[in-house]
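Q: Residues per chain are reported as follows:
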Amino acid sequence: MSAPENAAAPEPAPAAAAPATAVRVAGVNKVFETRGGLVHALEGIDLEIAAGEFVSLIGPSGCGKSTLMRLIADLDAPSAGTITVFGKTPTQARLDQEYGIAFQQAGLLPWRTVAANVALPLELHGVASAPRKAKVEELLDMVGLADFADRYPDQLSGGMQQRVAIARSLAEQPRLLLMDEPFGALDEMTREKMQSDLVRISAETGAAVVFVTHSIPEAVFLSDRVVVMSPRPGRIREIVPMRLGASNAATTDAAARAARTDGLREDRSFFEMVTAVREALHGAPVAAGARGVETR
Amino acid sequence: MSAPENAAAPEPAPAAAAPATAVRVAGVNKVFETRGGLVHALEGIDLEIAAGEFVSLIGPSGCGKSTLMRLIADLDAPSAGTITVFGKTPTQARLDQEYGIAFQQAGLLPWRTVAANVALPLELHGVASAPRKAKVEELLDMVGLADFADRYPDQLSGGMQQRVAIARSLAEQPRLLLMDEPFGALDEMTREKMQSDLVRISAETGAAVVFVTHSIPEAVFLSDRVVVMSPRPGRIREIVPMRLGASNAATTDAAARAARTDGLREDRSFFEMVTAVREALHGAPVAAGARGVETR
Amino acid sequence: MSAHLTPRAETTLRIVAPLAVGAFVLGVWQFLVSVVGISDYLLPSPASILEEIVASWDSIVSATLITGTNALIGLVVGTLLGITLAALAARWRAVDQMSAPVIASLAVVPIVALAPVLNSMFGADSQFGRQAIAAIASFVPIFINTLRGFRQTTPVHRELMRAYAATPGQVLRTLTLPTARPFILTGIRIASSLAVISALVAEYFGGPRGGLGSLISTSAASSAYARAWAYVVASIALGLLFYLVTLGLERLVLRTRTIQPDRTTGTGTTSTSTRSTTSTTVSH
Amino acid sequence: MTDVDVRSTTPATDAAGGPPARGIRSGGSARSSRRGGSLARRRLAAVGWGVLGVLLLVALWEGYKLVAPADGVLIGETRVLPRPTDLAMPHVWDMIGRLGEPVTRSPSAQALWLVILLAALTTLGIAAAGWLVGVVVGIGLALVMQRWRLAEWGLLPWIVLSQTVPLIAFAPIVKSWGSRVEIGSFEWQDWMSVALIASYLAFFPIAIGALKGLQSPDRIHEELMQTYAAGYWATLAKLRFPAAVPYLLPALRLGAANAVIGAVVAEVSTGLQGGIGRLLIQFAGQASGDPAKAWAPIFGAIVLGLVAAGSVALLGAILKNYRRTEEAA
Amino acid sequence: ACSSGDSGSGGDATDDSALTPVKLQLQWLPQGQFAGYFAAVDQGFFEDEGLDVEIIPSGGDIVPQDALANGDVDYAIAWVPKVLGSIEQGANLTDIAQIFQRSGTLQVSWADSGIDSVADFEGKKIGSWGFGNEWEIFAAMAAEGLDASTVQIITQDFNMNAFLQGDIDAAQAMTYNEYAQLLETVNPDTGELYQPEDFNVISYEDTEGAMLQDAIWADTERLESDTEYADTTVKFLKAVIKGWAFAAANPQDAADITIAAGSGWGPSHELWMVNETNKLIWPSDKGIGVIDETAWDKTVAGALSAVNEAGDHLITEEPPASAWSNEYIEKALSELEGEDLDLTGADWSPIDVTLEEGGN
Ligand SMILES: Nc1ncnc2c1ncn2[C@@H]1O[C@H](COP(=O)(O)OP(=O)(O)OP(=O)(O)O)[C@@H](O)[C@H]1O
Ligand SMILES: Nc1ncnc2c1ncn2[C@@H]1O[C@H](COP(=O)(O)OP(=O)(O)OP(=O)(O)O)[C@@H](O)[C@H]1O
Ligand SMILES: Cc1ncc(C[n+]2csc(CCO)c2C)c(N)n1
Ligand SMILES: [Mg+2]
Ligand SMILES: [Mg+2]
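Protein chains in written order, with this note's numbering: chain Z, 1 to 296; chain G, 1 to 296; chain E, 1 to 284; chain P, 1 to 329; chain V, 1 to 360.
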């Protein structure tokens, strides 16, 4: 599954997605009707994401990354094609709370304390007070914000807010995490720290992750596979498998990811992967020589 | 002048700044009185920027980069120490329109067209209609937005807006450009493009630039010297001279910068400079080995 | 949630829906009066009101002109005063704080309380008292909105102006006023129908006759309810006219942009909430 | 004048203007380095300036009386500045002094201020009832309009139009219809007609403000609730109502001011005994012989409005955690 | 109106529930103009007749005859011309007692103004309250050949300031109220109260415009179909007569009763008002409340001739015969015949009232 897939030549869709498949997107089109006319946001998208796999979506602005993620989350419906999430329809998956989600903006409710924000999904699904409290504590510990439980969002820095949002998205131990540029609004240094945290957390929880980003190094650092998209209409141009960290094997599981550390950022193979994604993105080899650096 | 200066051991301040000096900051402190008490934003800042020199300020959030820039621009006054801009007081320099300024937000007036936005400073300073028009056209040409003169800001992408803001900051051919994270809000690809543009433009105009950024590669790519700051209170930790592009000599002039191209980003020396700044920032060598990459 | 509509369908529904509601209400009203037989005496049927509108057309037009003129003059004066004082209050905090109790009082004082007093002060033989009341009534929302508008200039813009060493006059002209413009217009729109209703109600409390207010009261006093309602309809139409004209003005000016939210950072400032309908203080 | 900050007492007349811009930290100038000062001191200063403003008005009034020509200032035929006669503009001290005297020479007469106070309390009670009805109706309408866009499109224009109807044309009809309501032991009282008319003015800003507030949650928050598969009611309780608080508070305050205005108008219109409105016409009728007396109910009405609006402001203090996005003034 | 006989049915057989509830709508706030009704309540005259009368004041916009026509109340006090207008609009009402036998309306101008008759109105600013109180002016002017457009009509508010400050040349005033207001005001030139000599007073009673004023109105249909209501009407009128007779004999007490009932006027003004009101009622040759056909016809003629400045007529045709009836008042008078009451005011004479500053 970590073998490079080319969107132009999709593998035939199996009748039913195996439970090991977290997300199956088959032949998905999405067209928006606007005042200015029709906007083809996505066209012929085929993508399969294994359970526990970390997949990044990268591509120029407007290529449909967010749209694809929203379709998976059942926040919108495809114009054509089918999507299954753990073998269910997206709607069913949403109702079953199969996924957690985080956006570019943390989207915390400003009138709730940090703890109450993390507790929100649990509260909505009727988790009793005591286990809820315990869970929230555990989550805040995980994101390193145990001391800030009673603060309000406006008293936190952007990075801390984003960590709260991630804790919230993990509250119900989803098997799938959807993240739309969750670190886009953070400054560089905070961002780097958050990436390491996310690697750790996703390893701990073993969830599959669909991660939208603009940053090549970020995608490379985090992912098992990077899906490179092209705009208007949004298509998958290439899927670049990452061969980083401990495991080089076809099994892209959480254990492999756990081995991913900050040191990796200075690994030779890291630069190579960055170059590979960069080239996929620009549609052609950028230049020859000792490269592999995304200067941004 | 491009020799590394250490803030801890400032050179004695000359009685009067030579005209070749664009900005002289000597022993500057800045303390804010807030509800929560005193905030020492800057302490003992000494810095000299030559005419035509490109200097970046880098440092963690809250270290006082913006504050320093605002002091130079006379948008605020230092609590102690002196600042001169081309030998004048900052206020005089401001009144004489010695500098152009650009912020993280483009700050265009939404009710004015692109052309009218660029024309704003000229208009305010009584430049007649005909020369004004000519100048605006020239500037828009320079930033590649000649076709968008009659658009309104909300019809432009973020990158285009920022280019308009830069054109505006150049309108009066200032000898000094102050830029506070002008590309902070742009996405990666646009940002890279804007950096190249800025290198070109600053070479063309020969202005000195004070550039605030969070991104090490950006600082390295653009600057003659990178000023690395540490927070609370904001101090200059180190000034790292860049030795990129054509010239390695002590004269850091515009011609040297003009030679800086995109190819540079993949130059060996580039990685070394990035590493140097990174180490200065983190306060210690990051690690040994083939590094020099700021992954962000 | 709600099904997705094409933009065309949405535009159509936006027009059809209120018309349908209006037609439904009128229908029920007519039905109640003419079929169910609720007394036509106090609540005349829409049909008989329409008859009266036709019958008293000339007098309705001249009454509408009188009241409309008073409201217009009041609105204009209130606008000028509101903007001027808001500019002073925005400039000097002391002015703001000094005017605060007076403005707060004006915002809660009923017109019925002021009308007789103003008539005494300015004379019952002129329309001035009504115009003054319309001016006071429109002044309040315009002042408040304008003041808010004047405070919307973003720090970036203010610092830019400072960096340009712009004079206070230049700042006002090129930054503050354009920034406040949508707010001022919102204020004027809110004030518009207020001005009409205030001018009209003021007629109940003395002054020359002939306006809508005095004709409504005269007609009602002699139980000519259909005629009274005809004048009421005219006054609603007048209020609506004022509202729509100012709304149109607002839309027109807003066409040239205002500050947009910054898509990339999400931290931009939206200039105003002007697009949607906003409220009105109504004082009688 | 409980609170002299315009932004907090004067209803932001545009209820829909709603909460001010989010507290965006930009540059340094959002915070001021010069204005240190404790909060309490700033409050005190504001009150001081407010008092000064009132004193200035008093000085202006008396100064004008001193210097103005007896017939006021006329431009052409139009008198643009008032006549300074004691009949038109009584001395400030007369107006204040009159408050301390009995209403009439009748041996049973109470002091004027007491009469005004009692009447103001009566009107306050009626206005409060009207306000409550306005709150229920306004929020109810807002809920319906928020839930169904078609309802919003169909109703909103009429709600706006409703406020251009000269209410006093309605007062007798409301009173007349009300007097026919008799359900079991419940019998319609005249004050209820007045409260109903007050609610007609009160509901409007509340409906508009509540609608804006209920519609105010960011899309991101709405979608978040959607991903939690939260139903309509859960979303309402956990998201829409809390998010609406910053919009609702000014709307409720405006509604309170409007309720008072409506109650006074309706009292004048229907002649209901016991309230400020009644005193207004009664004392206006005595203004020729006793000009200062006519001002007493005017002051009463103003204080009443300020108290009503101020009480709602208290509500804002209780709900302060729901207003965290509002800019600290 | 339920009969007094079914007192046992409710179970709450208190004395009160035995009384027939009656609502009387006044045409303004409580004041001496209505002293007779308040006196009848206070002295228990209604109760003696088995009635529990609630007196309902009105405000700026309440039209008493409409409250009656709508069935909100049982009886209403209103001026005859205004009700004639309502009758033409479809109200079905009957004048059952003409309490005021003459018009109390004045038009007051300054003594030196040269306006001492209706004919002098031409080209002047004439004050009126509107609200249907203006028809006498138009009728009087019509008799002088003036139409409404020859004067400028200015709406007066609740006081005489507009006149005092010269905004209007001649102000409408009731003898019992606004005229007194003038005499309670300090003349800034003398420092003393204004005196009657300061004014020219035109009384509409002396003009062709004179119209009948405060009358008691009842619902025509109910009078015909509801015998209980008809009975109640007679009882009601009997108590009213006693009330007014009381006010005639005891003006000071009547004034005090009115103040206690909620009038906001001071004692001197109240007493003045009761006294002047008495002058409009007494003497009443055929007995208080009996409608004088000539006066009625004159009112109708005036109403027919009056056209306001908007060109609207008050009425365009003769009112129906049911618009007035002496049946009930005469019955009431005859039932009171034996009692020690002066029903015609033959022995009545006005008192002297000294007005005090401010009407307080
Ligand atoms: N609700 C919508 N209605 C109309 N067009 C839409 C809508 N949502 C997205 N689009 C359009 O679909 C295209 C893809 O948008 P999308 O937000 O998915 O891009 P993206 O890859 O997430 O971009 P970015 O990197 O800027 O977030 C764009 O052209 C966008 O304008
Ligand atoms: N006007 C002000 N009043 C009070 N404190 C201020 C003010 N402006 C800045 N500060 C404080 O001074 C310190 C330096 O702020 P400054 O904005 O210069 O940092 P920065 O380096 O530009 O940070 P960033 O990278 O986030 O832009 C911070 O602690 C900040 O909170
Ligand atoms: C708003 C308003 N103002 C004045 C009157 C006048 N009015 C009613 S009864 C009466 C006679 C005795 O005072 C008078 C003058 C009114 N009806 N409504
Ligand atoms: Mg996106
Ligand atoms: Mg900064």
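These aren't lab readings, by the way, just hints derived from the structure by calculation.
One thing to keep in mind: the hints can contain errors.
[Said to hold, decoys possible] Mimicking SDA-like on lysine to any residue, the simulated pairs with C-alpha atoms at most 25 Å apart in a straight line are:
id, chain 1, residue 1, chain 2, residue 2
1, G, K193, Z, G62
2, Z, K193, G, P231
3, P, K65, E, A90
Q: Against each hint, give a clear statement of whether it holds in the structure.
A: Consistency of the hints with the structure:
no., hint, verdict
1, G:K193 <-> Z:G62, "holds, 18 Å"
2, Z:K193 <-> G:P231, "holds, 18 Å"
3, P:K65 <-> E:A90, "violated, 30 Å"
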